[in-house]
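So the sequences go chain by chain: W and L.
First residue of the first sequence: 1, per the UniProt record's numbering; consecutive thereafter.
First residue of the second sequence: 1, per the UniProt record's numbering; consecutive thereafter.
Just so you know, the hints here were simulated from the structure itself, not pulled from any lab data.
Have a look at the derived ranges for each label pair, beta carbon to beta carbon:
id : chain 1 : residue 1 : chain 2 : residue 2 : range
1  : L       : Asp9      : W       : Arg39     : 31 to 39 Å
2  : L       : Asn80     : W       : Ala25     : 53 to 61 Å
3  : W       : Gln119    : L       : Asp9      : 28 to 36 Å
4  : W       : Glu22     : L       : Ser43     : 36 to 44 Å
5  : W       : Thr289    : L       : Val37     : 51 to 59 Å
Here are a few chain L residues that face chain W, going by a calculated C-beta distance under 10 Å:
id : residue
6  : Gly20
7  : Asp23
8  : Ala45
9  : Thr49
10 : Ala50
11 : Val51
12 : Arg52
13 : Thr54
Glycine included, every Cβ here is placed at the ideal spot set by N, Cα and C.
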Amino acid sequence: MTTPVVVTGMGVTAPNGLGTAEYWAATVAGRSGIGPVTRFDAAGYPATLAGEVRGFEAREHLPGRLLPQTDHMTRMALVAADWALADAGITPGTLPEFATGVVTASSAGGFEFGQRELQNLWSKGGEHVSAYQSFAWFYAVNTGQISIRNGLRGPSGVLVTDQAGGLDAVAQARRQIRKGTTAMVSGGVDSSLCPWGWVAQQAGGRLSEGDDPDRAYLPFDRRAGGYVAGEGGAILILEDAEAAHARGAAHCYGEIAGYGATFDPRPGSGRPPQLRRAIELALADAGLTPDDVDVVFADAAADPDRDAAEAAAIAAVFPHGVPVTAPKTMTGRLYSGGAPLDLVAALLCLRDGVIPPTINVDADPLYGLDLVTTARAARVRTALVLARGHHGFNSAVVVRAAP
Amino acid sequence: MPTTVITLDDLKRILREAAGADDSVDLDGDILDTEFVDLGYDSLALLETAVRITREFGIALDDDVALGAQTPRQLLDVINGG
Chain W
1 MTTPVVVTGM
11 GVTAPNGLGT
21 AEYWAATVAG
31 RSGIGPVTRF
41 DAAGYPATLA
51 GEVRGFEARE
61 HLPGRLLPQT
71 DHMTRMALVA
81 ADWALADAGI
91 TPGTLPEFAT
101 GVVTASSAGG
111 FEFGQRELQN
121 LWSKGGEHVS
131 AYQSFAWFYA
141 VNTGQISIRN
151 GLRGPSGVLV
161 TDQAGGLDAV
171 AQARRQIRKG
181 TTAMVSGGVD
191 SSLCPWGWVA
201 QQAGGRLSEG
211 DDPDRAYLPF
221 DRRAGGYVAG
231 EGGAILILED
241 AEAAHARGAA
251 HCYGEIAGYG
261 ATFDPRPGSG
271 RPPQLRRAIE
281 LALADAGLTP
291 DDVDVVFADA
301 AADPDRDAAE
311 AAAIAAVFPH
321 GVPVTAPKTM
331 TGRLYSGGAP
341 LDLVAALLCL
351 RDGVIPPTIN
361 VDADPLYGLD
371 LVTTARAARV
381 RTALVLARGH
391 HGFNSAVVVR
401 AAP
Chain L
1 MPTTVITLDD
11 LKRILREAAG
21 ADDSVDLDGD
31 ILDTEFVDLG
41 YDSLALLETA
51 VRITREFGIA
61 LDDDVALGAQ
71 TPRQLLDVIN
81 GG
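Model the full structure from these sequences, guided by the hints.
This is the structure we're talking about:
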């Protein structure tokens, strides 16, 4: 018998809302955070739209000592972790330090910080590179800084599987709890909205080149032509259900009930993509059948082939149909931050009985999806969150209302 | 003998630039003999500070020497050859 692992706290920095309440209100109302890039002049690049987190002033939230050593994405991750711990009713320093760990996902690291230091290296010389570059750019930096700031010295790590990483990190956190760790800080926050990061994202070849924020990111639509990139994400507090109950946790948003991860075969192999198998593994892990699932949060790549593959996987597992939504149409794809944000939406969907919409999309009937395009009231007990990463990562997580 | 003498004010400015400062520590108080660790500056902060001093004043500071200083007075003594 494995112990149930539940989510007891959430912290959000999203393009359409800073803080969980703001994000959720905007998401249910269908308010988008996608707009022209303002962080730098993107006019010379093919893609000019992004989901930027607005109104985030790091020095309003963090000590001055942390600012010279942190990238923008780490600052947002630290604040999201602070909010998640506060939401869980956990005061840093009150949990046994070795009984609490941190596992986050990352897909880029501190790109903006790294770009500045590389510019210093080549324009001024090595002695002008910050000593903090040694870790500020690094994939594991959010995990490390969250751990140091809050005195959390339990099992920790970082998962790097692009957009799928946000689910893989939560699954790893659940594994650590099942092995005896009391609580875990997990999730992911990404940002690489600087010229270097932007070029790296263009190189993936899947960014939308549209310049109308309402038409640029249209998953499952005949007009789909790539995704809009964004920044931000969410940090979650996971706990052993009994331990959470024993300490009188303020919230229990739901249980991380199931997880499955697969890897696609190489292109041209003739073998099928493996998203369907990830879903089946997650359902089996949760001890549930497809009939138990009330809503699916789609990966929503907005690429015709990848949309078709995802729609086919969903149709194969749920032949009777199931509501599908992609609230990331309001934020863009946040890389490692995207799936944790979808988990937040899924958990709040359980709490409030409302499925948030996929905005702007006119779903192609060929896909046969019951795509939720305006907020829909529904009794939701179980939700499935999907995420796919570049080069073949597939992950699926089942969340269900706490018993 | 170095021709430039680095003052405590110089050092405080460079510490702030290198590693920031919090409201919880009064750098403008009597800190000459307060240990860096109590001022909130770790070894990496001192490393960054030493590099900045080298850059700005042209005084070569061995990393081990800079990291060996426990207090602003000790670091200034090393820098100024006191």
